[in-house]
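Following the hints, put chain U in place on chain E, whose structure we already have.
Protein chains: 2
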Amino acid sequence: MFEEFLSNERWWLTVKGPEAKIIISSRLRLARNIEDFPFPSRATRSQKKEILERLENLWSKVEILKLGFFVRMDEVSFLDRQFLLERHLISQEHINNPQGKGLIVSLDERISIMINEEDHLRIQVLTSGFNLEETWEIINKVDNAISRFLPYAFLPEIGYLTACPTNVGTALRASCMLHLPGLVLTKRIGKILELLAKLSFTTRGLFGEGTQALGNFFQISNQVSLGISEEEIIDNLCGVVKQIRDQEESARNLLLRRHKPSLEDSIWRALGILRNARLITTKEALSHLSLLYLGVDLGIIKGIKREVINNLFIVIQPAHLQKMEGKALGDQERDYKRAALLRSKLK
Amino acid sequence: MFEEFLSNERWWLTVKGPEAKIIISSRLRLARNIEDFPFPSRATRSQKKEILERLENLWSKVEILKLGFFVRMDEVSFLDRQFLLERHLISQEHINNPQGKGLIVSLDERISIMINEEDHLRIQVLTSGFNLEETWEIINKVDNAISRFLPYAFLPEIGYLTACPTNVGTALRASCMLHLPGLVLTKRIGKILELLAKLSFTTRGLFGEGTQALGNFFQISNQVSLGISEEEIIDNLCGVVKQIRDQEESARNLLLRRHKPSLEDSIWRALGILRNARLITTKEALSHLSLLYLGVDLGIIKGIKREVINNLFIVIQPAHLQKMEGKALGDQERDYKRAALLRSKLK
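Taken in order, these protein sequences are the chains called E and U. Everything in the first sequence is counted per the numbering used here, starting at 1037 for the first residue and increasing by one. Everything in the second sequence is counted per the numbering used here, starting at 1037 for the first residue and increasing by one.
Calculated directly from the structure, the hints in this document are not laboratory data. Take these hints with a grain of salt, some might be off.
One copy or two, either will do: identical chains are not told apart, so a pair holds if it fits within one copy or between any two.
Listed next, the in silico BS3-like pairs over lysine-lysine satisfying Cα-Cα at most 25 Å (straight line) [stated by the list, open to error]: (1) K1278 / K1057; (2) K1296 / K1363; (3) K1373 / K1296; (4) K1341 / K1383; (5) K1383 / K1057; (6) K1057 / K1363; (7) K1177 / K1097; (8) K1338 / K1381; (9) K1223 / K1296; (10) K1383 / K1338; (11) K1234 / K1381; (12) K1363 / K1223.
Remember, it's a predicted structure, so these values are computed and weren't measured experimentally.
Pulled out of the complex, with its shape left as it was, chain E reads as follows:
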């Protein structure tokens, strides 16, 4: 299942979006619930089944979604669920407790809808670069199209109702994934994360909630969804993301001016290890790939395409390696295949 995705040029990783050097991707997520149904945590098995069926029907009628997949998570293998997580299409919760849960995903993977996760619907649109406006247009279209078939739980004076009170109101979460090796290397990242928290922004790692900032990736998103409009949420995020991008650029300039030899050393060593290792973990590979990416950005490394590195960030992950091999692999086998893949792609 999902073998098509393996050859997908993951749109949000193609670096074709605007300013995609530092701002890798933009993401919007809407939480929606269906009127007269309890939230998934309180819904009965048959109520969840009914919701899934309604969405299965709806899926084939909505133009923007119909080229893609509708799947029941309990019919998807554990490996495939892991694979979907690695592609940022589902959450850990969707892997661990697949019963009664579902997923709709467009063929280009830009649009995905988790069904019966925390809310009945979690609509996500993910695009390349600093691209919140276009992302907003797309998610609006999807939302409107669905609302024609499903009555949403909505109160005019509050907004959309959600399982968790922190999402009530717009139920919108907007985020950008930023690659910030400059701020990490100059040790300025700590203060910036502190400041973001004070400004009510949330920071996460490459793989969502609870993950570390692997590979110097930071996902920055709004915390507040109630009492402000969707446009304000997006504008606020845009403002803060631009400031961080400027900070990252100034950190990179500082590194080039004051620490060029050690910067070049770190970047070339990263490439040396990626091109030579015979065993490598995901975590180690991500940290070297991050430096390599920085090296390409700064013109220190030439002849390696940014989209090759971007793609590696995703395909070196455990489930991807196993999908490519077509079988389950033990820890050392994965480290071995991962190293071989990195060598062949970075020749």
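Showing chain U alone in chain E's frame:
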């Protein structure tokens, strides 16, 4: 001074000697003192001067020595003294207190004589591989030739007299330099070093007394020089060196049988770093070169000649880098030049 040595194919590093894979070099050292002169630590300035003069005269008359150098250490710059230490031709003591001290060294660097170190004469012969017999023949020739011109301090019932009682008797120290990455990687080295100490052998690092086992090199030598003959000293060393060589070979076989992926990984990473780093310390470079050397021994790395690596063990050192550049270099400059040299030699 000594610029000729820079282009010398350091004989004991050419790997042309027997069994030079694991047993890199063989070394004999004789301590000799001149009758009716106090040991250097108690000799006056003018007595040391006289000894130096006698050796200067003698040097040009001894066939085996005369193509080479006779130098007074206080006429040699600090950098050049450091350079001679790095080539295993003098001791730290000869660097720190050069007054009244001298050195004779043959053009091929196999024969060297420190003058007025702990003893009046410290005659050293250093050859490639497991080669104690030939080394013994050479040092005997040198010793006999000198004794024709200088009366040695010698008592028939004791043997040669030396400044330190541990050297009295034969005044012979025999040693082999072994490259033991297999025993280090399999963590067997500790027990072997303990056993060697019990058997009255001394173990030192690549750069003599007090140095760590950098680059997995271990110099093993006899402790006892009194009460046994020169032949017994050499035979005992040969016996123990053969046993350690066998242990090293069995450790390498174990690594290949049981840990091949991680062994190959370590070796290829070492090469990756050596070929890509822009800044590297001597210590780090030695540890990677050791693994690379092992990789060549085991046929994992092809196309890199053993003598290239052997030569790098010596020329990446601080004084060598500065001699090659023809000027003093700061720490980071040396790390930078060292990395550049490694990249160019290991292309």
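Which numbered hints does this structure break?
-> 6, 11 and 12
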